Amino acid sequence: MPDRDKKLTPFGRIRRVFFGRPIPTALAHHERLGPILGLPVFSSDALSSVAYATEAILGVLVLYSVAFLQHQLLISAMIVLLIWIVALSYNQTIHAYPSGGGSYIVATENLGETPGLLAAASLLIDYVLTVSVSVAAGVAAIASAFPESIIKNHIVALSIVLVLLVMWANLRGLKESGTVFAVPTYGFIVSMVLLILVGAIKATHTPVILNPVLTALEDGKNVIGKELNYAQLFIILRAFAAGCTALTGIEAVSNGVQAFKAPEADNASKTLKWMAALLALMFLGTGILVRHLPDITLYDSGKTLVSQLAAWTFGYKTPLFYVVQVFTALILILAANTSFADFPRLASLIARDGYLPRPLARQGDRLVFHNGIIILSAFACSLIWYFQGQLDNLLPLYAVGVFTAFTLSQTGMVVHWFRLKDRGWHTRAVINGVGAVATFVVTIIILVTKFAEGAWIVAILVPFMYLGFRAIKRRYDEMSRQLSLDLGAPTTPTNHTSLILVPRVHRGILSALDYALLMGLDCKAVHVAIDKKALPNITHDWETYGKGVPMVVLKSPYRSLMQPVLDYIDKLQRENPDQVITVIVPEAVSQRTIHRLLQENVATQLKKALGERDHVVVTNVRYFLE
Numbered sequence: 374m375p376d377r378d379k380k381l382t383p384f385g386r387i388r389r390v391f392f393g394r395p396i397p398t399a400l401a402h403h404e405r406l407g408p409i410l411g412l413p414v415f416s417s418d419a420l421s422s423v424a425y426a427t428e429a430i431l432g433v434l435v436l437y438s439v440a441f442l443q444h445q446l447l448i449s450a451m452i453v454l455l456i457w458i459v460a461l462s463y464n465q466t467i468h469a470y471p472s473g474g475g476s477y478i479v480a481t482e483n484l485g486e487t488p489g490l491l492a493a494a495s496l497l498i499d500y501v502l503t504v505s506v507s508v509a510a511g512v513a514a515i516a517s518a519f520p521e522s523i524i525k526n527h528i529v530a531l532s533i534v535l536v537l538l539v540m541w542a543n544l545r546g547l548k549e550s551g552t553v554f555a556v557p558t559y560g561f562i563v564s565m566v567l568l569i570l571v572g573a574i575k576a577t578h579t580p581v582i583l584n585p586v587l588t589a590l591e592d593g594k595n596v597i598g599k600e601l602n603y604a605q606l607f608i609i610l611r612a613f614a615a616g617c618t619a620l621t622g623i624e625a626v627s628n629g630v631q632a633f634k635a636p637e638a639d640n641a642s643k644t645l646k647w648m649a650a651l652l653a654l655m656f657l658g659t660g661i662l663v664r665h666l667p668d669i670t671l672y673d674s675g676k677t678l679v680s681q682l683a684a685w686t687f688g689y690k691t692p693l694f695y696v697v698q699v700f701t702a703l704i705l706i707l708a709a710n711t712s713f714a715d716f717p718r719l720a721s722l723i724a725r726d727g728y729l730p731r732p733l734a735r736q737g738d739r740l741v742f743h744n745g746i747i748i749l750s751a752f753a754c755s756l757i758w759y760f761q762g763q764l765d766n767l768l769p770l771y772a773v774g775v776f777t778a779f780t781l782s783q784t785g786m787v788v789h790w791f792r793l794k795d796r797g798w799h800t801r802a803v804i805n806g807v808g809a810v811a812t813f814v815v816t817i818i819i820l821v822t823k824f825a826e827g828a829w830i831v832a833i834l835v836p837f838m839y840l841g842f843r844a845i846k847r848r849y850d851e852m853s854r855q856l857s858l859d860l861g862a863p864t865t866p867t868n869h870t871s872l873i874l875v876p877r878v879h880r881g882i883l884s885a886l887d888y889a890l891l892m893g894l895d896c897k898a899v900h901v902a903i904d905k906k907a908l909p910n911i912t913h914d915w916e917t918y919g920k921g922v923p924m925v926v927l928k929s930p931y932r933s934l935m936q937p938v939l940d941y942i943d944k945l946q947r948e949n950p951d952q953v954i955t956v957i958v959p960e961a962v963s964q965r966t967i968h969r970l971l972q973e974n975v976a977t978q979l980k981k982a983l984g985e986r987d988h989v990v991v992t993n994v995r996y997f998l999e
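When we follow the working numbering, the leftmost residue of the sequence shown carries the number 374, and every step to the right adds one.
The hints are simulated quantities; they were obtained by calculation from the structure and are not laboratory data.
Every value quoted in this text rests on a predicted model; they were computed, and no experiment measured them.
Treat the hints with care, as some may be off.
[What the hints assert, rightly or not] Calculated pairs, DMTMM-like style, for lysine to aspartate or glutamate (alpha carbon to alpha carbon, straight line, at most 25 Å):
| # | residue 1 | residue 2 |
| --- | --- | --- |
| 1 | 928 | 916 |
| 2 | 980 | 951 |
| 3 | 980 | 960 |
| 4 | 981 | 940 |
| 5 | 944 | 985 |
| 6 | 980 | 940 |
| 7 | 981 | 960 |
| 8 | 980 | 887 |
| 9 | 525 | 826 |
| 10 | 920 | 960 |
| 11 | 944 | 895 |
| 12 | 690 | 726 |
| 13 | 928 | 859 |
| 14 | 525 | 887 |
| 15 | 676 | 726 |
| 16 | 920 | 904 |
| 17 | 928 | 960 |
[As the list claims (entries may be wrong)] Cβ pair distances, simulated, as ranges:
| # | residue 1 | residue 2 | range |
| --- | --- | --- | --- |
| 18 | 850 | 992 | 28 to 34 Å |
| 19 | 992 | 527 | 52 to 58 Å |
| 20 | 888 | 926 | 30 to 36 Å |
| 21 | 573 | 525 | 28 to 34 Å |
| 22 | 730 | 451 | 39 to 45 Å |
| 23 | 635 | 755 | 26 to 32 Å |
| 24 | 962 | 854 | 37 to 43 Å |
| 25 | 530 | 821 | 44 to 50 Å |
| 26 | 830 | 604 | 38 to 44 Å |
| 27 | 566 | 758 | 31 to 37 Å |
| 28 | 914 | 854 | 46 to 52 Å |
| 29 | 853 | 604 | 52 to 58 Å |
| 30 | 603 | 407 | 47 to 53 Å |
| 31 | 879 | 542 | 45 to 51 Å |
Ideal Cβ positions, reconstructed from N, Cα and C, are used throughout, including at glycine.
Please put together the full structure from these sequences, using the hints given.
Right, dumping it as structure tokens:
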């Protein structure tokens, strides 16, 4: 065992086992990726949304009437068009910001502080929801594969355990390894493409299960004229908003351009286009296949839509059925892991700018932003517990934040092109302008149609977080102002007095006395007389070993150790407000934890109480016991 490890406390040894040895900064590295490995690293979040986006659309339509399913393909086609609009818009961002162009950076640089902070708040919320939704969907996929198991009765507990496992892996310093991400991601892509191809062949021999007649709405009454049209439009828009969860994670490539091999922007652009193509293919493919299911309303059966499609295509409990379910669960967990990289990284950028507490900008000994990882895990677990791991309850909160960030980012890009005005800037501005308008319209649709279901929570949280950012920034600015050298040097103290706290006279106290005398200070010993019988012995020992330093004996009628000391310091400061008082607190330190339980914690209490006094310096002189 290295000498450094021998000095670890018991807690330090436990921590070393769970989280590993510290990693030197010199060993920090970031794997450079080509499009083949870049796709699984940056696309798992977006591609995994295929597992629940189509189901979210159907969940809205079936809620009102099976007849509304006639609009499902139109809604899916609209979302595919939106996928390409957003992808082309972010393709522009990749080339404009080859060092990485997240919504926070783009919005802040081009639109100013307020839009940048609104984008940051929206993204932080979205990252928390990504973890909650992805893990809950992953557990649902496992439960669908094994419906007879007890998993469905412990969805919340299993979801929280999975979040904590991902947190632990990231606290150990899990890196973005293309190889690690490749197998689950490409396994999911292959299994879903195979599902769509085999399903399409089977569908040619299966009639479409749809009733073309619009049936009555919730109360079973026929609605005619404009009332019907308005009600129908609202339902279609609500289903469209639910399906827009398919676009979450599409920004990830533009955030991580520097992770790609040279030429970085070109490789990132290829990855983004492949991601958009695969996402559109799988989303539209499942949307077409679902129309051939024998019973499209199995939402109370505990089976996910993907599991129903796999059972219909390959047969229930066949090897390929389980392959689809396993890879679906794996990619959903990877999607959650993406947020564990992005949330701490974004929080560190915001903290470095002074809008979040600075500890969030600090990397731990495993070269990860551990504070951000822990906070993300806490919020995600809280959401899973509060909503009982139910996707139907979590999804209405989803996508509001990400589309707000999309809108601000694309609007910032329009401003960027108008400022730059290089060759071809008109075309690029139009592309980003279309993206900004489209995502803004979708944001409004999501807010209006999902407001009562839970979108109001995000609508309130974003401005509250913005106000919190500004309050933190004001506090840091005020601290900087107070510490600025422009205000001149602080007032020089007129004199300096040291007080040595002496509960009784022993070798540890004498070490503290030697320290005080080495500093050459005006020194006094202070003893609080609680035990009057012991006082003569203490004063006698001090006269013998105190090296001429006077002792002040303080009375304590209420047997308090701290209050007489505090009162005495107040008295000294009233007599001379400009003096600095150094309080020397001797403290015994035992090497064994069990021995520490036998010691009084007076020194710690005194340090805490004295640390709040102005012009009072607390010096801790430790003496070690075997």
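Verification of the hints:
no. : hint                  : verdict
1   : 928 x 916             : 19 Å, holds
2   : 980 x 951             : 21 Å, holds
3   : 980 x 960             : 10 Å, holds
4   : 981 x 940             : 15 Å, holds
5   : 944 x 985             : 16 Å, holds
6   : 980 x 940             : 15 Å, holds
7   : 981 x 960             : 14 Å, holds
8   : 980 x 887             : 20 Å, holds
9   : 525 x 826             : 24 Å, holds
10  : 920 x 960             : 21 Å, holds
11  : 944 x 895             : 17 Å, holds
12  : 690 x 726             : 53 Å, violated
13  : 928 x 859             : 46 Å, violated
14  : 525 x 887             : 68 Å, violated
15  : 676 x 726             : 46 Å, violated
16  : 920 x 904             : 24 Å, holds
17  : 928 x 960             : 22 Å, holds
18  : 850 x 992: 28 to 34 Å : 32 Å, holds
19  : 992 x 527: 52 to 58 Å : 54 Å, holds
20  : 888 x 926: 30 to 36 Å : 22 Å, violated
21  : 573 x 525: 28 to 34 Å : 31 Å, holds
22  : 730 x 451: 39 to 45 Å : 42 Å, holds
23  : 635 x 755: 26 to 32 Å : 42 Å, violated
24  : 962 x 854: 37 to 43 Å : 39 Å, holds
25  : 530 x 821: 44 to 50 Å : 36 Å, violated
26  : 830 x 604: 38 to 44 Å : 26 Å, violated
27  : 566 x 758: 31 to 37 Å : 36 Å, holds
28  : 914 x 854: 46 to 52 Å : 51 Å, holds
29  : 853 x 604: 52 to 58 Å : 57 Å, holds
30  : 603 x 407: 47 to 53 Å : 51 Å, holds
31  : 879 x 542: 45 to 51 Å : 50 Å, holds
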